[in-house]
Amino acid sequence: MIQEEQKNEHREWTELNMGPQHPSTHGVLRLKVKLDGETVKEVEPIIGYLHRNAEKICELDYYCDSLIYFDRMDYVAAMNMEVGYLEAAEKLLNIPPPERAQWIRVIMAELGRIAAHLVWAGAFGLDLGMLSPFFYCFVQREKILRIFTEICGSRQETNYMSIGGVYQDINENIIYMIEEFTKEFPDKLEEIFNAFVKNDIFMSRNKGIGILEPDVAIQYAVTGPMLRASGIEYDVRKAEPYLVYDKLNFDIPVSYKKDNLARFLVRFEEMRQSVRIVKQAIKKIPDGPYFNPKAKKSLMIRLRGEGEVYARTESPKGEFGVYLVGDGGVKPYRVRVRSPSLRNLSVIRHLGKDVLIADLIAISGTIDLVFGEVDR
Amino acid sequence: MVEVLEETTGKDGRKVLKVAKENLLALLSDLKDNGFTHLSLITGIDRKSKLEVVYHLHNLTKNEYVVVKTETLDERVPSATGLFKSADWDEREQYDLMGIVFEGHPNLKRLFLPDSWVGHPLRKNYDLSKVQYINMDENGDDYATFDPGDGW
Amino acid sequence: MDVLTRLAHFFAPLTHYVAYILAYLFESIFLVIFVTIVLVFMIYLFRKYMARVQLRIGPNRVGKFGLLQLMADGLKLAGKESILPKGRDDLPFRIAPLIVFIGLVMSFAILPYGDFYWIGSLTITHSNVSVILLFAAIAIMPIGEILAGVSSRNKYAILGALRGVAKDVSFEVPMMISVIALVMMASARTSEPLNLSDLVSSQIIPFGIPEVIGLLVFFISMIARASYSPFDMGESDSELVSGHSTEYSGMRFGMFYMGLFGSIFLSSMMVSLLYLGGYNGPFSSDAGFVYLLIKTVVLVLIAFTVWLSVPRIRIDRFVNMGWKYLLPISIINLIIAGIITLGVGL
Amino acid sequence: MIEVKEPKKELPLVGTLKAMWIVGKHIFQKPVTTQYPEERKPMPDRFRFRIFLSLDDCVGCTLCEQVCPNLSIHMNKVERENPRNKRKIYPDVNFGTCTVCRNCEEICPTDAIYLTHVFETSRTRNSFTYSPDELSLSEDEVIK
Amino acid sequence: MKTGDGGVVTTTLEQAMEWGRSNSLWPLTFGLACCAIEMMAIQAADMDIARFGSEVFRNSPRQSDLMIVAGTVTKKMAPRVRRLYEEMPYPKYVIAMGVCVIQGGPYNQGYSVVLGVDKVVPVDVYVPGCPPTPEALTHGIMLLQKKIRNETDR
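Protein chains in written order, with this note's numbering: chain X, 1 to 376; chain L, 1 to 152; chain P, 1 to 346; chain C, 1 to 144; chain D, 1 to 154.
Just so you know, the hints here were simulated from the structure itself, not pulled from any lab data.
Some hints could be false.
[To be verified] Dumping the calculated DSS-like pairs for lysine-lysine here, alpha-carbon to alpha-carbon at most 25 Å:
#1 L:K85 - X:K331
#2 L:K85 - X:K258
#3 X:K183 - C:K86
#4 X:K331 - L:K124
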């Protein structure tokens, strides 16, 4: 330890402040980087530039209103956030959603996962200096957003699901649109995938870079695709099935290579599996009511909950947990969100040692940061 | 064996262990040895008279979940950073927003808000009407003021 | 009859010296106009091509097909405040964009352009060592970029400049060696192989065919020289914001922006001149300039596709590539060229 | 659980050329752009944006004010003859904070408040509070 | 730019400059939150902002004309927004995108969000919506173009 410090004194390290406005920090991350030439010696992430006090405001609002703040947490996958919140809220308020609503939620969550991963893929390409795949990703994402608009009338911050079901039912037209999408999408996805992986330079930028050992990953409580890319087969959808995931047939992609490329491949495989889930779910979706009448119209603001509930869901970034505490009133007493990106980001201190600046950018790209969720 | 005050099952079917704050670290390290290596979440709850700290621990291989609860009257709780690295930022966040001082934390600074921010916003007695502003000094670091000052 | 002589004839009523001075002056003006047109065309082409490859339309609001877009950009850049940052090194900061631009125009002045119907030869500089002159001239532009990076006192800019130096050092050598191979090949046919015009004219078969390896090395080096993706080390916009030009604004930035596109055109033109037969074409030699332009534009489009599809290479791999792969390959290429020259006598 | 395989290694340069082709061939496809002011995509029925109010239907129950998560709705006294609205209070909406969450539409017992397809609401002034009267007018009329 | 004294030449030049400026608004790559994704979406193929000459997203504030403040401005970020604005060269324009930057939006009850970015930097055009659709933002940009050419009174 002491020797190291002495060494540090002898060498002059440049301090570089990356962000909060920096093209490849995905929003408002600020990285304090100590550089020795091009090599990053130390990296200290500074966050909080998007701290929007969602947890506090949720305490000031009704249970049904808090949903919009969850939409804006992981803003590229609003549907998954809604699922996460409602899993907790419905348990707390004892309002189970009907069967049909659960299937609809699964479809929406998986489409949202695809959309989120597409944004990530495009942005990751831009980080590495590939200009075009971004556009192909967004063309596909636009199709998903089109479906969302058709269903609930909003593109991104959908506010589609409500306590005890969903706001609007899905109809023939929407089912047709989703089926069309699942038919076309796999080919387009392969094309995007090939545009990345055929490139020698892309492979050389990612293979063997940013190796995250599984024990380190657990120590830092990393979850989601990052954990699976480190060789730990863990997914909340399989481990603690929520909604109707136990009635669906899908695989969890794992990689034992632990590097950037593994994380890249795992996310792409997840998209393929999501398409598979959507395809099954759209066929199996049962008839019936799409909402629980206990939480409709003016009853919306009269829901009372007591107790403590922690619900976990698998968001595109990892394990998204919501810890709700109610005191018997119409407003939650305490809302606590386990944001996967925050833990995933904390590992950058470990990964960003003795790498080049370019690698640091690639690593922070594969972490898949969304700051609405990191800072909340 | 660590003395557990109360063992219940929560509304969501998870095992809840209540423990005195002196025994907290012992219990956590016990659990860690039993495979609960994944510290998911640290939550502070302001119960007005006291502060409650909740730890969500997770066993990835056996897929088990356990919730550890402790209470504190003097806002002080031993830090779990020695056991779990993920506790680092979690504890900083709870210190920032809830004002729970984690004793033994190597770098207990605010995570989201600047250090000079007055009050801990998630406390029930935090006064939202007192508006604070943040300015930036020459090094790019922030400080909070009650005075709008330049640029606002 | 080339442009210069024509102009001199036109001014002949004046004395000989005045006529030639005027002729040179006018020719320089023509050259600057040509370079500007090329830049406008290039930027427009790039924006349209990029848009189409990315399934977009591209500029189409200003004028027909957005043809006046660049005029709008130019007007805007001219009207913008040009910020001089605090703590700059004043003189280098001011002259750096000029150096880039002057280097660009000078390089264009040295290239031979072939004939164009009634105008005759468009070539401007007649020198029997124009190859050396050309490579001296294209070495000016990086100096401007490095000056810009160092003088603006911004960490990103300095890093960009350092990367620029590393890039230039590692790619100069293979590029020069592959050009030497060309000169060797040409020396079998012409007495003045260092004269660009002779070098180009001596390609009955384009040098790119026997010299495939040399072509590849030279093309990669020229991409690196023009510093766009995958080798945009100096700019690397996702890592170093805008690299050496981070602190520049207004028209000063415009010069860097034009320099980038100009150097893409320049390097494509050099490749087509040196390896693809330049202004030699299948039919009449009157249309030489047209052949040259066609070849150049095709190369430019290839270069754009590389830009749009390939990620940025890492700086250490990049330097490695220069020294460990391209240098040996170019030396092998030199040996091959020697064998061809001596044995086959193309 | 399936293990993802690394894609098979391409020859150096050949792979890059393939990737270039994948990108470059898009030039033969038609652009997908919708040229917005002239062409418009068909608006889905459920698309929601600016709030409208039907003054005749409003009963002044203040439910929308209560449910609004971000305090965008306030009840206002408006002198207007409406037998169903005894208290003569109508909501005004601050569109500068409205998140179009549609909770007000959902909770309204008479469907008086509803969201519409109008989205061209940008302005050069920071004044987005729509009075109850303005809420029942179209955007162009409000500007006037 | 100073206003001309009414002379024909000045006015024409002025108009030409305004025309140039309005048709070549280079935005700063500056995404803060949710709206940033919609800002990326106007750049993307579906709603191609390049048609208006604004596709050149510059990373350095020195080279951009337009700052689209996309997403919630927190108090911690506000000084940075201010600094970025100051680093931009004149003439510069600001679009406040989304309700968070207009009046605090859904977070207006909280403690760490600036209630309107116009408290920090002057704003030219406000685009409400949460987030505004790409169409709405394009409408905002067109409104800004009109404002630069003095054609609007919205």
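So, going through the hints one by one against the coordinates:
1. Between K85 of chain L and K331 of chain X the CA atoms are separated by roughly 34 Å; this puts the pair beyond 25 Å, and the hint is violated.
2. In summary, the hint linking K85 of chain L to K258 of chain X is supported, as the alpha carbons are separated by about 19 Å, within the 25 Å threshold.
3. Of the supplied pair hints, the one linking K183 of chain X and K86 of chain C is violated, its CA atoms being roughly 56 Å apart against a limit of 25 Å.
4. Between K331 of chain X and K124 of chain L, the direct Cα distance comes to roughly 13 Å. Compliance with the 25 Å bound is thereby established for this hinted pair.
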